[in-house]
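*Asks:* Chains as they are written, first to last, in my numbering: chain C, 182 to 570; chain B, 182 to 570; chain F, 182 to 570; chain E, 182 to 570.
By construction, these hints were calculated from the structure, which means they are not laboratory data. There could be a bad hint or two in this list.
One copy or two, it doesn't matter: identical chains are merged, so the pair holds either way.
[Stated by the list, open to error] Quick list of in silico lysine-lysine cross-link-like pairs, BS3-like style, CA-CA up to 30 angstroms:
#: 1; residue 1: 345; residue 2: 560
#: 2; residue 1: 345; residue 2: 368
#: 3; residue 1: 560; residue 2: 459
#: 4; residue 1: 368; residue 2: 459
#: 5; residue 1: 459; residue 2: 310
#: 6; residue 1: 307; residue 2: 459
#: 7; residue 1: 560; residue 2: 310
#: 8; residue 1: 345; residue 2: 459
#: 9; residue 1: 310; residue 2: 567
#: 10; residue 1: 345; residue 2: 307
Okay, here's what each chain looks like letter by letter:
There are 4 protein chains.
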Amino acid sequence: MAITAAHVARAPRIRLGMVGGGRGAFIGAVHRIAARLDDQYELVAGAFSSDAERSAASAADLGVARAYGSFAEMAQREARRKDGIEAVAIVTPNHMHAPAAMEFLKRGIHVICDKPLTATLPEARKLVKAAEASGVVFALTHNYTGYPMVRQAREMIAAGALGKIRLVNVEYIQDWLAEPIEATGQKQAEWRTDPARTGAGGSTGDIGTHAFNLANYITGLTLEGLAADLQSFVPGRRVDDNAHVLMRYEGGARGTLWCSQVASGQENRLSIRVFGEKAGLEWQQENPNYLHVTPLGQPPYRLSRGGAGTGEAAARVTRIPSGHPEGYLEGFANIYAEAARAIIARRDGVAPDPAISFPGLKEGLEGVAFVDACVRSSKRNAVWVKLAN
Amino acid sequence: MAITAAHVARAPRIRLGMVGGGRGAFIGAVHRIAARLDDQYELVAGAFSSDAERSAASAADLGVARAYGSFAEMAQREARRKDGIEAVAIVTPNHMHAPAAMEFLKRGIHVICDKPLTATLPEARKLVKAAEASGVVFALTHNYTGYPMVRQAREMIAAGALGKIRLVNVEYIQDWLAEPIEATGQKQAEWRTDPARTGAGGSTGDIGTHAFNLANYITGLTLEGLAADLQSFVPGRRVDDNAHVLMRYEGGARGTLWCSQVASGQENRLSIRVFGEKAGLEWQQENPNYLHVTPLGQPPYRLSRGGAGTGEAAARVTRIPSGHPEGYLEGFANIYAEAARAIIARRDGVAPDPAISFPGLKEGLEGVAFVDACVRSSKRNAVWVKLAN
Amino acid sequence: MAITAAHVARAPRIRLGMVGGGRGAFIGAVHRIAARLDDQYELVAGAFSSDAERSAASAADLGVARAYGSFAEMAQREARRKDGIEAVAIVTPNHMHAPAAMEFLKRGIHVICDKPLTATLPEARKLVKAAEASGVVFALTHNYTGYPMVRQAREMIAAGALGKIRLVNVEYIQDWLAEPIEATGQKQAEWRTDPARTGAGGSTGDIGTHAFNLANYITGLTLEGLAADLQSFVPGRRVDDNAHVLMRYEGGARGTLWCSQVASGQENRLSIRVFGEKAGLEWQQENPNYLHVTPLGQPPYRLSRGGAGTGEAAARVTRIPSGHPEGYLEGFANIYAEAARAIIARRDGVAPDPAISFPGLKEGLEGVAFVDACVRSSKRNAVWVKLAN
Amino acid sequence: MAITAAHVARAPRIRLGMVGGGRGAFIGAVHRIAARLDDQYELVAGAFSSDAERSAASAADLGVARAYGSFAEMAQREARRKDGIEAVAIVTPNHMHAPAAMEFLKRGIHVICDKPLTATLPEARKLVKAAEASGVVFALTHNYTGYPMVRQAREMIAAGALGKIRLVNVEYIQDWLAEPIEATGQKQAEWRTDPARTGAGGSTGDIGTHAFNLANYITGLTLEGLAADLQSFVPGRRVDDNAHVLMRYEGGARGTLWCSQVASGQENRLSIRVFGEKAGLEWQQENPNYLHVTPLGQPPYRLSRGGAGTGEAAARVTRIPSGHPEGYLEGFANIYAEAARAIIARRDGVAPDPAISFPGLKEGLEGVAFVDACVRSSKRNAVWVKLAN
């Protein structure tokens, strides 16, 4: 029943900057809470807006000491300070991820970047190369992999609890774009449906990448090819708002991925089912503290976060006992906490704990390649294609 | 709270015969209970087995007066009796449906046939022609359409409650063939995995047709084409045991169908979700008394069989008040009850109530064409194909 | 996957009569379906109404050969026929149960009686004595004990799977009497809220007895005493429409029972939870095919009717495989099926199978004593009282 | 989709101290996360243990500047500092709440105190008087009232959505004390089962007070009297580990409360159902983002935190959009956030926003009086008693 030691801050907090996330933004506030939850970061600088005045106003709102009018300026000036930021959170629209990240990583500043990695595949390849060369810690906030029961699922599959995997079924369906709200001035909808800012994929990029990443993370499988049927149901929409994807994994597993932003009455219904020769499992993001296990020929059972039958992988990202739910922010914070452990190891010059797990460059490149493949396949009438990562 | 008049037998019971369904069979017993539930049929004859002695033994078990050693003999002799059967239930393996049905319908005996209609598409076409020419009532036991809340869903969609349909997601997943039990002498598994008896499709024919029919029934949509990826996961299996199908409907709706007999730990998880421009709905066979409705921009609500907010279509196949569950047998019996109404109208020489609804030849042909299309598509690497019905 | 032999009729059908259950009645139709489901009874006579003409009309509706204008007449005349009824189903308002039952049992006709046994405790005592003296089979349709997973629960507790029982929590809440519908001419509401016909208890008699019986059946415990707080929330109502009951069982277990007919928005929410030293279990009537088991210190698991991990007691009243739900009518039919086995054993002069289980006189007397105790306790401000059975 | 302004820190953080909550404690860490989540507090001092060395070690773990060996010392010294704490969180065992709180409030330091308010009723009365006289902000962490959907329920009932309330059913059942773990050295179990530290009530004090407070908060009703049957199922246990309580509210509503720490296989199953003349509602802590509403005569519907149909009361304590779950820590943090708003208003010399809502002295006194009444009633065989607050 004790809070795990993993959540007690023992090292000085990591000095963090933020790019984007000013007034009116959504995901920036989530990143700030996630960074704060376990007391491992201190937000000390921000380029919250490309308008210096607005950036300063946001900084004042947030009690953040140093405001900048551009990420480039922030990168340059923070890199020169003794007490400059050690890490930066990038929470801009997709097309800004790469240029922003490049400025920081080349100065040795660790990067925590929102997903997808970039808006285009060439950008993604370039960023990965640069980041690898730089040696910085690079975390991509595929936050759903931070949920303890997702980690439980991954651990069980890796341990063979399901036997050889045959089937993967993952979906992420929402309804917030069921109507053409991008035409009404809604900011989130505007950039997320604008190919110049969001990339070639709409729902595939925004939520399909989450679903794809989740399936990969849990199963440990590698995709061999996919066939995708993308739609733009809302008239005038320039990117997909629904996608049906058939998937073939190396080793023979087969699967489907469905992402939708026009599924009326659905909130954030991300769920995954995996079936192996010996058992199946199921997890649902909207009630994330449970993992349902369905062994072949035995009664199905339910694992609770923090409860009986759960293992190490879940325990290390669990804060409170079973029956008291943790949610989205805690899962998101787990990505920050894992990244913090990696950053602190780097700071201390020691090897990071091999148990640390968070999505990074590899997952980012895969995600962008997934969107690219979906778009390519769909243009050719759902022909099978390979990922080009 | 009253039992509806629809369930009170007012006419003399329909004299029923049965082909198949002897000792050790499964679905025959289900048909018998379904026929009995509303007291509209009396089982008076049977060709329960092609072995006359076994047929007689089954008849004795069941208290059935007249036993025959072949369906042909039964058809001939019953047709000559004044008190001969008026209808026959065909509950054999698939490849026997057509030859058996032909014998009865050509003698003006109504047919209630288990699904799929036939094992092959040519047979299906031929049977449909013959049956249409004969003028008999022909009911196909796609029993899931007998569930009251399925009818509620159909009624709501027809009335426009969901707006224009965009998305259909239907699945039927089981695990009973997750292992090669056909090799152990299990009779059900043997014929259902033998192409000569079951047809070219395995899971697609056995349960995929149910899912396909359910989607058509509820949405009223017509399929334009499909792309199918079929698998036989169990080594040595000669038919598919899993299928992922992309679907395009006339009018622009898109969908997916998943059927599986290797989804470890799943029982009979048949479920459907439909999303339109204004609302979505969801129904699950394993808890069939509820229909979940998810309007865009309003709280989701739940309709109960027999409860507030349900309409005529569900009410006419509802026996007991809400909160007291009806199940599979009741749903199955509704197909029998609807067919009985059609048969009695025919007997009485009156036009049948237009509200009567049960699957028949059209649905049967579509189902066999669905299997055929899945097999054709999958052989060509999941290319898009049209149904050949 | 086979229908169990238990459901194959091997003996000639039991000739059944019915008292009550004519046009407009509710529970009579349920009894008829229950009697028919497994083909073990044939309804051949009825005193469907105390008005001979109405009784005859109901008989005609139902295709029943012999109609009577009174139960006394039916008892007398049927007793004299060679092909007279062997058993009678009594489905009248409560105050008629005892007089009707007496007529039949004294002639050696078996009785299947709706619950509660009688409207008053003295009547119940007298009826029990007479019935025991007569030697007839007497079944009381506490139908919820017919659900397979209720039997599974009973079997597990008897086998010690929960350890020593500590806690019982049972409830049955509805809303159909949330408003004074007895004042509107609704027949069901009229007699069920009229002390002269229903007895001293309202909700306690109508549904509290079901809940009480269910708890006793599952746990095998004997009540030591209760303290009840009864309410009549609807102005003018002459019987309780809600009851909160504290319970103390022999051996130290404690419990609560809640029955309500004014719980707005509730249908037939009968549920039970039992907690022992080693595990707990939970069952809900509105989704009755599952039993949830919660072992101390292990993950909770779910048993399905017909599925892995279920035992003999459930199997013998199970018709179809897991994942295809059975419902209220099937559970009700199980009481009829079990009674049929006892009646046929009697007919054949053999000892009944000891596995046969259905509620009878003992449970009936306990139920009436339960209502009596609730009323006595509540009148004295919820003081502890003992049952006077 | 935007983070609400309510969660943006605009004022300097409140300087916070903590009493208790050192190494090995549970609830202290929860309080720290709750204080941190919305960035409104800064933990600057602590008397984490009565052992000065241990207190200092905990402070070092936590990066807290000032450590003290006693709460008295902390109160005195912090009160003298210009940058001394403005508020203190008291997270000790129950018997220490009153003495600790007294030290701070008499110096004008605001108090955030874990529940129950005190271990005894006389202490509670004394503390309430002193606190009221002092004028400090006093928050009691009945954290479950911080859940947004609890506030939604309260708002709906206050607005008359359920009509006149008839029934309240609240329960909080766990299993962590199903075995005598207090005998094994488990610290949490030790003090929570020791009357000297926990008070006269065991489960009633630890979790019954939560359930009682939740029912009062949601319904706005005032208890008129209760009858309680308390048990200590585990041999040797000195306080109750289970309680069944009948409740009568002013105005005629009736209810039951069940708390248990021996309900095998249950985690933190706190749930409440309220039924009024027009509708009912239901909320479950283990899946807290939903509120289920059951109108009489209409289909039941579900409200989501952040979703369609929710009102102001929930919105002001909601951080992220619907479909992304918030959990226990967020609910707990809402109590801190609301207290912060009150403290900042006090600091600024302005009237607090009347929408601010958090449990305080009144609720604390009621809770201790509830435990006292339960114990008194149970000793007299569950006689009806009034609360002595």
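*Asks:* Each of the hints needs a verdict: does it hold here or not?
*Replies:* Checked hints:
{"no.": "1", "hint": "345 with 560", "result": "between (33 angstroms within a copy, 25 angstroms between copies)"}
{"no.": "2", "hint": "345 with 368", "result": "between (45 angstroms within a copy, 27 angstroms between copies)"}
{"no.": "3", "hint": "560 with 459", "result": "between (38 angstroms within a copy, 28 angstroms between copies)"}
{"no.": "4", "hint": "368 with 459", "result": "between (47 angstroms within a copy, 23 angstroms between copies)"}
{"no.": "5", "hint": "459 with 310", "result": "neither (40 angstroms within a copy, 46 angstroms between copies)"}
{"no.": "6", "hint": "307 with 459", "result": "neither (42 angstroms within a copy, 43 angstroms between copies)"}
{"no.": "7", "hint": "560 with 310", "result": "within (29 angstroms within a copy, 40 angstroms between copies)"}
{"no.": "8", "hint": "345 with 459", "result": "within (8 angstroms within a copy, 34 angstroms between copies)"}
{"no.": "9", "hint": "310 with 567", "result": "within (21 angstroms within a copy, 46 angstroms between copies)"}
{"no.": "10", "hint": "345 with 307", "result": "neither (36 angstroms within a copy, 44 angstroms between copies)"}
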